[in-house]
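Sequences listed follow chains A and B, in order. Mapping the first sequence onto the numbering used here, position 43 (from 1) lands on 43, and the numbers just tick up by one. Mapping the second sequence onto the numbering used here, position 16 (from 1) lands on 16, and the numbers just tick up by one.
Worth flagging that the hints you see were computed from the coordinates, not collected in a lab. Worth double-checking, as some hints may not be accurate.
To be verified - Cβ pair distances, simulated, as ranges:
| id | chain 1 | residue 1 | chain 2 | residue 2 | range |
| --- | --- | --- | --- | --- | --- |
| 1 | B | S72 | A | F55 | 56 to 62 Å |
| 2 | A | P41 | B | F74 | 41 to 47 Å |
| 3 | A | N153 | B | A50 | 19 to 25 Å |
| 4 | B | S72 | A | V47 | 54 to 60 Å |
| 5 | B | A89 | A | E214 | 53 to 59 Å |
| 6 | B | M212 | A | I229 | 39 to 45 Å |
| 7 | A | P230 | B | D96 | 58 to 64 Å |
| 8 | B | K80 | A | G166 | 20 to 26 Å |
| 9 | A | P41 | B | A89 | 26 to 32 Å |
| 10 | B | A50 | A | P234 | 15 to 21 Å |
| 11 | A | G93 | B | L54 | 28 to 34 Å |
Just so you know, even glycine gets a beta-carbon here, dropped at the ideal spot from N, CA and C.
So you can see what is in the structure, the chains are spelled out below.
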Amino acid sequence: MAVLAASASAPPNSRSRRPPRQRSTQSTRRQTRAAYLLITPFLVVFVAMLIVPLFYSGYLSLFATQLIGGQEFVGLSNYVQALTDPSFLGGLGRVGLFLLIQVPIMLVLALFFALALDSSRVRGSKAARLAIFVPYAVPGVVATLMWGYLYGNDFGPIAQTFRALGIDAPNLLANDTILGSMMNIVTWEFVGYNMIIMYAALRTIPTELFDAAEVDGASEWRVAWSIKIPAIRPAIMLTVIFSIIGSFQLFNEPNLLYRLAPNVIGNDFTPNQYAYTVAFVNQDVPYAAAIAFLLGLVIMIVSYVVQLSTQRKENLS
Amino acid sequence: MSAPTIGAPTPSALDAPRASTPRAKRHRRQIMREGRRSTLLTVLLWACAAYFLLPLLWLLIASTKSNADLFSSFGFWFGKDFNLFTNIAQVFTFKDGVYLRWVLNTVVYAGVSAFGASLLATMAGYGFAKYRFPGARAIFSVVLGSIMIPLTALAIPTYLLFSSAGLTNTPFAVIIPSLVSPFGVYLMRVYAAESVPDSLIEAARMDGAGEMRIFWQVALRQLGPGVVTVFLFSLVATWNNYFLPLIMLNTSDLYPLTVGLAQWQATAAAGSGSQALFSTVITGSLVSIIPLVIAFLFLQRYWQSGLGTGAVKG
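Excised from the complex, chain A in its bound form (with noise of 0.2 Å):
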């Protein structure tokens, strides 16, 4: 398909002429008017599945359910509550360790994969590339199953492992335990993700960029830091503005794992399985819809500290 784009070289004759003004106001007008029409099919979706839920959410936050049935308007009291939730901030407070330790973990992991492929010192480089990327394909759900049995005691060939040496197997699924465990699942499953992204980023660096450097014999190691990494900047937040909102938003493993281990995790481990409790077990909607806006505004503040502050540091260099 990449041949494609060579045979798309226009006709001479388009270049020279000029089209009278006249013409050219008419086919303004007619470029907006397909403008619109190739962009409204999806605005219309969009609006009605973003846009509109957000202000009804927004709307329905403002209000309490009353036991009798029927809401009263309570102004900002469902957020002075969430405020001062110990099951809203202690998830809160999960949720960004999760970010502060699995994140940098996941993100350097996938760098280095990436620019390891990219240098072509690498035997079986694509294959190996499939492998870290595999795990992409499967659902969260699959992943979080798999592992927990991974982990399990009963049939889990970790635990089988550590019986075959004569020592206790670790409880993987304890109290201490279980934001690892949960970390390494994540990492798992987006690696190869986060990977792709930087090694497509990497493969379009253009040659020049490095041989220079290398011909004056610098080494790979400082090639990669000094050229390479600051070339695929932009793909690098990409990946880091998606991984601060995929934190925050844990939902899938946390789920899953409160099944495996449900006096260890809870079902408030996370803000969004939080918000899942109180909107369909305790049927409080205004008040997981207050939560839910909470942590959007959240992952909104960090995301843009983050940005911000990358952005300086590229002023200032």
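Mind docking chain B on chain A? Use the hints.
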């Protein structure tokens, strides 16, 4: 929603042909470099690759075991009996063959959603890339900023809206929300800016083609790899979606694989009498991931080049 956009592509996205020349050069360089393999790096990278493959290998081996063997044999070696086909038969016949229903549901939900999402995203992305019109910048910023809205902030009100329209517990409840792919629009905008030359559009206009005809018959051909990328990633997103169908559906016959498997797993973990389910859940999990893995393997040429463009300008 004046959220910071993820670096909206600037007009510099138009210096397109850059990618093609270095690629040819790169190829030459790669051949030159064949002799410079590093054993250390190879070993290190393959050791890491093993970490990604081992859980899947375990899943494959575990699928060949009976329940008794699961508990009595080592995870990374086969049990006494080779039960793969018995297990697969069990997966497809358990509870009147509801698994096959889930497979079909998943294929329909994911297929229709991905087709619709990539069509909408391609049209919109091309519209944003190739036309200047009032409001374009503002609309695009809003679309891109929406990536940050948390799932639950939308899922709960969407559930209520669908519920009052009588659409919950129908396939539409899963498909319609999945038609929106803001990231797909972003990707297609970048891709269209790079791969559809303005001169080509101008030439088609000179020939008297209408704008819509230009899109469908001229531009769409250039957009191939980008469309495949958006299609595949929407396919994965819907195929793997758990949250949305979990809240929208409550009839087992309508479940996709994710929700169904989670339910089986809960049954397997809860009941002491239903221990026999573990091998079924494991084999069911294995079967459920095969189609996507195959799709990615066969279409990698397209999605990798498509993703490349999006990532560079990201």
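Hint by hint, here is what the structure shows:
{"no.": "1", "hint": "B:S72 <-> A:F55: 56 to 62 Å", "verdict": "57 Å, holds"}
{"no.": "2", "hint": "A:P41 <-> B:F74: 41 to 47 Å", "verdict": "55 Å, violated"}
{"no.": "3", "hint": "A:N153 <-> B:A50: 19 to 25 Å", "verdict": "24 Å, holds"}
{"no.": "4", "hint": "B:S72 <-> A:V47: 54 to 60 Å", "verdict": "58 Å, holds"}
{"no.": "5", "hint": "B:A89 <-> A:E214: 53 to 59 Å", "verdict": "58 Å, holds"}
{"no.": "6", "hint": "B:M212 <-> A:I229: 39 to 45 Å", "verdict": "43 Å, holds"}
{"no.": "7", "hint": "A:P230 <-> B:D96: 58 to 64 Å", "verdict": "59 Å, holds"}
{"no.": "8", "hint": "B:K80 <-> A:G166: 20 to 26 Å", "verdict": "25 Å, holds"}
{"no.": "9", "hint": "A:P41 <-> B:A89: 26 to 32 Å", "verdict": "44 Å, violated"}
{"no.": "10", "hint": "B:A50 <-> A:P234: 15 to 21 Å", "verdict": "31 Å, violated"}
{"no.": "11", "hint": "A:G93 <-> B:L54: 28 to 34 Å", "verdict": "32 Å, holds"}
Going through the hint list in order, the structure does not satisfy hints 2, 9 and 10.
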